[in-house]
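Go by the hints and put chain B onto chain A.
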Amino acid sequence: MSTTARPVAELREVQGPSALGGGWRRFFDLLWLISVTEFKRVYFGTVLGYLWSLIRPLILFGVLLFVFTQIFKIGSDLVEHYAVMLLLGIVLYTFFQEATSNSVTSVVAQEGVVRKTQFPRLVIPLATVVTAGFNLLLNLVIVLVFVLAFGVSPAWTWLLFPIALVFLFVGAAGMSMALSALYVRFRDTAIIWVVVSQVLLYLTPILYPVDAFESSTKERLLMVNPLAVIFEQVRVWILHEPQAPTALEAAGGWLGLLPAAIIYFGVCIYGMWYFNREAPRIAEAL
Amino acid sequence: MPVDGELTIQPATPDAPGPEAPAAIRVQDLHKAFRIPTQRVDSLKERAVHPFASREYRELHALDGVSFEIRQGEFFGIVGRNGSGKSTLLKLLASIYRADSGRIQIAGRLAPFIELGVGFNQELTARENVILNGVMMGLTPKEVRERQDAVIDFAELHDFADLKLKNFSSGMLVRLAFSVMLEADADILLIDEVLAVGDASFQQKCADAFHQMKTEGKTIVLVTHDMNSVEEYCHRALLLADGKVQFIGDPAEAGRDYLKLNFEAGGVSPTGLGGGQSDGARLLECLVVDESGSEATGVESRTNIRVRTKVELQRETAAAVHVGFVITNADGLGIFEFGQLMDPAEQAESFAAGRRFTLTAEIENRLAPGRYFVHIGVTSADGISAYAENAATFVVFGGPKTNGIVSPAVEFEVESTGSPS
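The listed protein sequences correspond, in order, to chains A and B. For the first sequence, this note's numbering assigns the number 1 to the initial residue and increments by one for each residue that follows. For the second sequence, this note's numbering assigns the number 1001 to the initial residue and increments by one for each residue that follows.
In isolation and in its complexed conformation, chain A is listed as follows:
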């Protein structure tokens, strides 16, 4: 501590708590730091560490692979690399589910911090999304091994994959903001979200390819789900099978993608708006 005289500071208006208060720099510093420490905690905190976050999707993958190739046989008949499609879908969906379901209770779980310190509130739900993102990146390395092992040849379209990741990440972030702020007011948000995310798993072409419907109406209906659009496009880009319809084809033209776009951007904007609106009062509502 220095004993030099301090310059006389100017009076500044205090705005109170907010979603982003304190400047962008501090926001990103905090977001990064909290996400990394949380990730490290999970990674190094338990004996099996990172393995746990891999085992869950892998077991799901194993079970589903068995069911859909040995019992129902729809997978292997329709898709050349069904196992790869399934694994990729499960890993991506695991990220979405982990990010959103962890963030639902995140703000309330951090009650002590929210009620007693001043810092940008938005960091809390976003940190859970970023932490889940770290897991995803690690899991994708394993997926890459599988992809190559199953004989999928690399293609230039793989370079487009990050676009899908960005859309998935932003969508998960938007959903997380809305959910965590809603949960402060309505505690059944958590239960509702468990059910909804369960349903979403089946409304996304993960276990089955879009073309399994053999009906363009049903395909179009499926493409109302923004996740379906993202996942289908990932399948096209990574597996590059000639018979797989792109999201655009499945939706039957740009107009068919409009509902998904509206839902996607609606969720993101609503999540941001609602969290921002609730942020100043979160400490009081707890």
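Derived from the structure by calculation, the hints contain no laboratory data. On a predicted model such as this, the values are computed, not experimentally measured, just so you know. Note that beta-carbon positions come from the ideal geometry of N, C-alpha and C, so glycine has one too. Check each hint, because a few of them may be wrong.
Stated by the list, open to error - Derived contacts from chain B toward chain A, CB cut-off under 7 Å, selection only:
(1) Lys1045
(2) Val1049
(3) Ser1095
(4) Arg1098
(5) Ile1104
(6) Ile1106
(7) Glu1128
(8) Val1135
(9) Met1136
(10) Pro1141
The following block gives chain B in isolation, referenced to the frame of chain A:
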């Protein structure tokens, strides 16, 4: 707060900044109300079933037009009873709550220190927590990394820097939390009753740190119940009551006002006059009153106690009527009694039915500070009786702390009665 006698905190008054010093915190007409729903809706299901049910709420005005100014370099105390709004004020200053209306202006960086170790993560090591907390308080990660060793050294935790917090003793946690607060190097520190931390040597360290901050011209705002620390450290103090500024200025005076408020609203209530049995007489009133005759709940130490009673006779009597009082303390221990005999023979043959008396007793106050109860009994030789236990209560406040239940006036006479030689 128990401050050890060996602490060498410098007295606050000599270096108090004058009124010309620039403002560090300026609060103007601050309002904050909490909405308390009469029926809380906690789920979307309830909201869907009763879409309009939750719209009713009552408002609790935690802060009601609070204005004050704290000067740079000042050690400022904020005191008040529970529920007076001081925690709300603290959280508004710390940007944890948002004000309904009014302005808060702050000069420089403010570090709130509302509870020890808030934001500490039990699963992380001391070092990680230091970094996390520093960034939370507004430092850049680079600044924190430069300071982390100094922080851990100050907390005397050098050997435990990479141990998880869950393995720390509470004393270690407290030291770490305090060091982290100092680390922030803020211009204004907002402290909520956390001075009494750690062992004696660490307390001394804290005291030195506070002194250092004072000489550096930092502004410190201390929110507390504890009047001793306010009087010891603070240049000025603010007394909050029911969300309003009751007093602002000299800490000692704020302390007296605070004690008075505190006792007046103490939780014990008298049973009143309804409880006791009666025959032939009725007690209409029993109050502790002040000089002007209006009801008082507190009596300052060493000033006379006045008890006013109204009695109505319900049947004619020729016998003398005795009105007796017993004063007990909160434990029910009788301390003294007094009474007045009213003899009809002095005026007429008898007292008629419906006759009323108002008696005001003035009692020399030698009671120690604390809560006391008044019990009344009305009796006569021909069977009139009326009793009321706990008919009234009052609090004696102010004055020096004392052992025992009375503090009589004592005079010593000291004379030399011999010497060893």
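Evaluated hints:
1. Lys1045: holds (6 Å)
2. Val1049: This interface hint is violated because 12 Å lies over the 7 Å limit.
3. Ser1095: Serine 1095 of chain B check passes; min Cβ-Cβ to chain A is 4 Å, inside 7 Å.
4. Arg1098: holds (3 Å)
5. Ile1104: holds (4 Å)
6. Ile1106: holds (5 Å)
7. Glu1128: holds (6 Å)
8. Val1135: Where the cut-off is 7 Å and the nearest Cβ of chain A is about 5 Å from valine 1135 of chain B, the hint holds.
9. Met1136: Interface hint status for methionine 1136 of chain B: holds (5 Å vs cutoff 7 Å).
10. Pro1141: OK, holds: proline 1141 of chain B within 7 Å of chain A, min 6 Å.
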